[in-house]
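*Asks:* Produce the entire structure from the sequences given, and follow the hints as far as they go.
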Amino acid sequence: MDILWAQSAPLTAREVGRLIEDRDLAPTTVMTVLDRLSRKGFLNRTRDGRAWRYRPAASRDAYVAELMLEALDMTGDRDAALTRFAQAVSGSEAEILRRALTELEDN
Amino acid sequence: MIAAAVLAALAAACVLAAEGLTHAKWTWHAPRTAILLWQSVGVTWGLATTGALLAYALEPYGRGVVHGLVSLLTGFGYGVGDPRDMVRLLALAAGLMLLALLVALPLVAGARTLRARRRHRELLSLIARDEPAVPGVRVVDFPGAAAYCLPGLRSQVVISNGTLRLLSPDELDAVLAHESAHVRERHDLVLLPFAALRRALPWSKLIRDAQLSVELLIEMAADDRARRRCSPRRLATALLRFGAASTLPAPEGALGALGAPGGLGLPGASAGANVMARVNRLVRPETTIPAPHRFFILAGSAVLTASAPLLWLIPG
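Chains B and S, in that order, give the protein sequences.
So the first sequence is residues 17 to 123, counted in our numbering.
So the second sequence is residues -12 to 303, counted in our numbering.
A couple of the hints might just be wrong.
[Said to hold, decoys possible] Covered stretches of chain S, as calculated for chain B (at least 3 residues, CB under 8 Å):
| no. | segment |
| --- | --- |
| 1 | 109 to 119 |
| 2 | 151 to 157 |
| 3 | 215 to 224 |
[Said to hold, decoys possible] Below, in silico cross-link-like pairs of lysine to any residue (SDA-like), each with a Cα-Cα straight-line distance of 25 Å or less:
| no. | chain 1 | residue 1 | chain 2 | residue 2 |
| --- | --- | --- | --- | --- |
| 4 | B | 56 | S | 141 |
| 5 | B | 56 | S | 98 |
| 6 | S | 192 | S | -3 |
| 7 | B | 56 | S | 104 |
| 8 | B | 56 | S | 97 |
| 9 | S | 12 | B | 112 |
| 10 | B | 56 | S | 12 |
| 11 | B | 56 | S | 116 |
| 12 | B | 56 | S | 106 |
| 13 | B | 56 | S | 99 |
| 14 | B | 56 | S | 220 |
| 15 | B | 56 | S | 139 |
| 16 | B | 56 | S | 101 |
[Unchecked claim] Heads up, incomplete: computed chain S residues facing chain B, CB under 7 Å, no partners named:
| no. | residue |
| --- | --- |
| 17 | 47 |
| 18 | 227 |
| 19 | 231 |
In short, the hints are calculated from the structure, not lab data.
Glycine is no exception: its CB is placed at the ideal position from the N, C-alpha and C atoms.
*Replies:* Structure below.
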């Protein structure tokens, strides 16, 4: 995935295999992984002759954003999908917390 | 008639008890006991409400709710004779529908949660990396503070890069101890029915308050478990640092484009107060509820939980 994210143009399985550092990886393994990723919707693929060319469906940042929106409980969804350490607080409350923190660290 | 009346009274008592529990502060001194009490109040409320309707509807059989239902299904002896039977029929329909709803809601919510988690897990496997400094924890490159656990058969604890920078090693240990407490005690399963009910009845203030109370109690229970393995003071400073930092707008990355955290209408009105309540518990010398009291509460919830099923069996 990182390799595809780093490239601007869509790649074939063979090209991805060449860019992977681990040379022992069988080409079929690369193809299987790419196939699975595209079936899950993480990659888009287009026919190019006899091979498929793969392109990420969304940028890495978009996925990070999706994860972190859920992590920070900002999706508006109140399902108990995750358990968070602490919820986000409002600006004025943060000030109170900061003051409490300095007090706690001083003594 | 007696069973129906008692069940109705029990349902009303559960609502009153829930109302009381949302305002109670003693629960903070014994979060685990309080969670159990919440669960038994919730289950009893469901069984008592449906039971009251069904007991009234099935009264002609004179055999109680459970056996009455069996007779109804096998015999079809339910005719509409006089106008009173119409009311009974309505009660029967309402009772059966409510019962089906109370069973289906958590199942649907569970399925939706599982789907959301699978998606989250897949994304994590693409994006998250392992950090040698914190073995067994997935790290996401994100500048803001985030630490959470993705529950499941193979639970994962996830923290952001920002968290790594924000907290000292001791504090990070405390956070991880807290998260692994969630994992071990499967707190997500405790929350599931309350979240499902809230989703189904979003306008009910009581259900919303109930869910928020249980959420806070679960955090406190995890804090209690974490403090056995790390310094409570470090957990407290981690909480404060974390709470104060999570409002800062993300300086870079895609989140900034979607709006700074805290800028959206977060349920943040009491979030700060909740953090302070947890910090105070950790810093102040422990005030626990004496064992006899706790035992009394536990026995009470056991009796409460048993009462509704028993009333379902009582004829008349």
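*Asks:* Are the hints correct? Go through all of them and say.
*Replies:* Verification of the supplied hints:
1. 109 to 119: n = 5 at 8 Å, threshold three: holds.
2. 151 to 157: violated (count 0)
3. 215 to 224: It holds, with 3 qualifying residues against the three required.
4. 56/B / 141/S: The hint holds at about 20 Å.
5. 56/B / 98/S: holds (18 Å)
6. 192/S / -3/S: holds (20 Å)
7. 56/B / 104/S: The given pair, whose Cα atoms are some 14 Å apart, holds under the 25 Å limit.
8. 56/B / 97/S: holds (21 Å)
9. 12/S / 112/B: holds (21 Å)
10. 56/B / 12/S: violated (47 Å)
11. 56/B / 116/S: Holds, because 20 Å separates the two Cα atoms, which is no more than 25 Å.
12. 56/B / 106/S: holds (10 Å)
13. 56/B / 99/S: With a Cα-Cα distance of about 18 Å, the restraint between residue 56/B and residue 99/S holds, given a limit of 25 Å.
14. 56/B / 220/S: violated (44 Å)
15. 56/B / 139/S: holds (20 Å)
16. 56/B / 101/S: holds (16 Å)
17. 47: violated (42 Å)
18. 227: holds (4 Å)
19. 231: It holds, given that the least Cβ distance between residue 231/S and chain B is near 4 Å, below 7 Å.
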